[in-house]
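Got two chains here, each in a separate frame; can you build the complex from them with the hints?
Protein chains in written order, with this note's numbering: chain A, 1 to 316; chain B, 1 to 265.
No lab work stands behind these hints, which were simulated from the structure alone.
Since we're looking at a predicted model, the values are computed, not measured.
No residue lacks a Cβ here, since even glycine has one placed at the ideal position from N, Cα and C.
Please note: incorrect hints may appear among the correct ones.
Label-pair distances were calculated between CB atoms; the ranges are [to be verified]:
(1) A:Leu94 - B:Gly132: 45 to 53 angstroms
(2) A:Thr301 - B:Glu124: 31 to 39 angstroms
(3) B:Arg230 - A:Gly27: 47 to 55 angstroms
(4) B:Thr95 - A:Phe26: 20 to 28 angstroms
(5) A:Glu74 - B:Gly132: 30 to 38 angstroms
(6) B:Glu124 - A:Gln78: 35 to 43 angstroms
(7) B:Asp182 - A:Phe26: 18 to 26 angstroms
(8) B:Ser72 - A:Thr72: 44 to 52 angstroms
(9) B:Ile187 - A:Glu174: 54 to 62 angstroms
The following residues of chain B were derived to be distant from chain A, with all beta-carbon distances above 10 angstroms [unchecked claim]:
(10) Ser32
(11) Ala40
(12) Trp196
Listed below are the residues making up each chain.
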Amino acid sequence: MSMADLQGQADQAPRMTLYQRITRRFGKTAVILVPMSWLAIFFLVPFAVVFGISLAIKKFGRPPYTELLSFTDESSVQLTLHLSNYLQLITDTLYVNAYLSSVSIAATATIIALLIGYPMAYFIARSSDRWRNILLMLVILPFWTSFLLRVYALSSFMRGTGVINNFLGMFGIEPLVMMQTNFAVYVGIVYTYLPFMVLPIYTNLVKLDGALLEASADLGARPWRTFISVTLPLSLPGILAGSMLVFIPAIGEFVIPSLLGGPDTLMIGRILWDEFFTNTNWPRASAVAIVMLVVIVLPLTLMQRARDAVVDGDNR
Amino acid sequence: MRRGFFVPTVAALGFAFLYLPIISLVIFSFNSNRLVTVWAGFSTQSYVNMVQDPQLLPAAWLSIQIAAVSASLATVLGTLCAVALVRFRRFWGRTLLSGMATAPLVMPDVIIGLSLLLLFVTMESMFGWPAGRGMLTIIIAHTTFCMAYVTVVVQSRLSDFDLSLEEAAMDLGATPLRVFFDITLPIIAPALVSGWLLSFTLSLDDLVIASFVAGPGSSTLPMVIFSKIRLGVSPEVNALAAIMIGIVALGVLVAAIMQMRRRPA
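The shape of chain B in the complex, shown without the other chains (with noise of 0.2 angstroms):
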């Protein structure tokens, strides 16, 4: 098929745009001026100063463990209703399951955080739970937004495969958790992994619902970043950057050498 001038050309700006930004954030990490923008000679002076800075680690603790609970919870949530959805195509109240469950996705950080922040205040005042705002309240609200994206991934996951191989099993008098441990599961692992990597990285991420439910003392990392770059350019946020944009660089690099390892060519 002959193909046009056209659509390569727009293809190649789109990728340019949406990698140059981050390849420059990353090479003026390792700038010597503190003025990030204007280049001035190779240091690492960035990355000293970000390890000695009094806030942003403590605050990347904190943010890497209700990451973790977060994306936990979400993963188990999330493929229960993904579950739910795909292998019970009638019950009472689906569409509204299935509407709750896409909901999130698209809507605006403001309203899931400040709703959820409203719903605590009532809560604590009627009965006494949850007690304050703190790590708590932000690992529920992340739990709640980052379980439609695994209820989606598991989902896709799940109808695309083999209903068969969970009847033959069932035939053959497993019970209903049988099938699901050991058919169900190992199939559908893949997506688990990737749900659950997908929420940390969206916990790790928000701003928005954190700043609403955190408590005081509870600033997460993603809070403490952007008091830093609201007022201009920081030079230790640079290093930060390009510390989690090279994890996450190695990790695809990982997943796909060993993609390519399960499928010989």
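Chain A on its own, in the form it takes in the complex (with noise of 0.2 angstroms):
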């Protein structure tokens, strides 16, 4: 850049009017606002109306729940909050048990999904540039076709009389009983999740600096050696971010135990819904989504750190 360009930039900097000046001040404000203000009330302020109406009770009619705050007579306003949805959550075995279960259901699913999922990026990482773009649509491609029809296909897959135990019985094997059992559950949320798995520890991987492995070689380091002090520490924020991805939403699923899972499977996204829809109990259904919140918090600042470190990264 010449020197005749540097005074030309410096002239025109201060010559930018005040209408100009007004409308990127106010432009920005818009462009920061519109969102954040849809955001605060369809997203934000609904937490709060949960969490007041998690104070109340169950009554008949419309709202079906009562109110926190009564008019006594003219001068005075009581307030009345209930904290009877929570106590029965906590003495209620019931409840205790669907939270640990759905935890330890969407754990163990993310660890399966993991061990899956891992190999598949590493192998989509590791092909040549034409297969790889072909390898990523195919783990992308089932992520457009409906969730809801794929839990169904997958139903279809195991149930007694299914694609699997057909199969099975052309070779004379006994039919096996998959569908209404946590077996069912766990297929099915990795099924439906994997490339939220696939996904973040790919674009991880596919990052990694080859000289690393190469350098790793050299001094004598066997392959599994290498991926074990190299790859896998360098892959952990993937790992993370794509377990999370997994793990959060699985805790509250509804459609996969109600489809797939037995009567006693038991997970908080079932548990819900019935107290809304077949109990009708508002009140109790939102004391379930405030204790469910509570548990996802800290995986959710997990994550957030994750993507924020892999968003860090690309900048630097």
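Written out as structure tokens, the structure reads:
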């Protein structure tokens, strides 16, 4: 860039008119404010409403819960907070067990998804450019087809008279009972959330500096050794991001346990659904939701950290 | 580099696991037996039944309308959100906005559905709006969670494009709005298209949130499908699934061909 250019630029900058400066300032505020207010109203405030209603109790009528504030006479307002929903959640073993079993089902499924997803991501990242795009598309493609229909496809695959059992039957093998078990729920979660595991790990692995692997090999490390001490530690942010993308939504999953699980598959998403739709106990459902939020706050912050780490790495 | 045996095997099994159930679903949609999983010969009877079903097609039309409107709104809002997060490094509430923009990605559907329903009920009793529940409330709910996906897609596109292009246009005296429409928008357009399509798909697919915020008489396609498959297999649903999978596969094929044309080998 020549001196004359620099001079020209220096002259240009202060020439921005007052009008331009105002629109720039106003424009910036509008760009921030519009999505911010939408999310505040329709994502943040609802949690406050849920919390409020979780302190009410069920009653018959419209809406089917008691008001927190009541006007007793002309001059006084009474605030009534019921803690009975939360007490019930703590004392009734059904709820406690449902939370524990949701977390354990989600964790097991996440580990299985990681064990299948990591080799897939590794394989894609190490393929030639041509194959890489095709394989990547094959991972993303199921994500574009309906989640509900994929769960349905899986159920007709695994049911007593399903494809797997028909196939086994040709060899004279007794039909396996797969549907309506926790096993089916694991398979369902892994099946529908696998792309969420593969993609972040792939993104992480593909950015890995090949020179590091070569250096490790040159220094005499065996492939497994290189993997354990170089590749795996460097791909931890991808593993963390992928695991949280599977684990968190799986905790509150409703469709998979209700279509694939049995009557004894306890999951908290299903309990919330039943409290709301079957028992029309809105305050109880709200309390279940608030406790579920508390359960996912920790993994949620972990995910945000992993995401920030990946984003910062990009900018450097 | 010598490749082991283990990784390709697991990868192949993984891909088989992803695709076998979908492929068998499509094959069995042409089954003449009502028991969808036992093959008894080729027939297109389930397609005829699907078209004649009194619930499926009206629900599909409602869902398509909802998905189109929600996807468009989500694309606008999500793009604004992404621009704010990428272009303005420091502003009041940036962490809050960033958190609110990513949380819906993983937030369990039951929580989003319940919380929005309770918001709508409370708002109706306080301001009289939204009056009742139906298409409008479903659109608001879908826009809210789809917007997060658009934000992520546009954000990644925005963060790897050359800032000097925008700066050059500014130096030449273009107003910020002009810069956005003449420089930024054409560059991020592919991200907007995939964000819109992704939102459309997600909205078309949502069962849980819609079940909470829908009113009487506004049953979306997933709600109808769910009520049919809850009790067992349904040949009509197989036929519908095959058509939807066909459309997606066709779309992906067209996109792949277009991408190859743009980048001649």
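Hint check:
no., hint, result
1, A:Leu94 - B:Gly132: 45 to 53 angstroms, "violated, 34 angstroms"
2, A:Thr301 - B:Glu124: 31 to 39 angstroms, "holds, 34 angstroms"
3, B:Arg230 - A:Gly27: 47 to 55 angstroms, "holds, 50 angstroms"
4, B:Thr95 - A:Phe26: 20 to 28 angstroms, "holds, 23 angstroms"
5, A:Glu74 - B:Gly132: 30 to 38 angstroms, "holds, 33 angstroms"
6, B:Glu124 - A:Gln78: 35 to 43 angstroms, "violated, 24 angstroms"
7, B:Asp182 - A:Phe26: 18 to 26 angstroms, "holds, 20 angstroms"
8, B:Ser72 - A:Thr72: 44 to 52 angstroms, "holds, 49 angstroms"
9, B:Ile187 - A:Glu174: 54 to 62 angstroms, "holds, 60 angstroms"
10, Ser32, "holds, 16 angstroms"
11, Ala40, "holds, 12 angstroms"
12, Trp196, "holds, 13 angstroms"
Violation of the numbered hints given earlier is confined to hints 1, 6; the remaining hints are satisfied by the structure.
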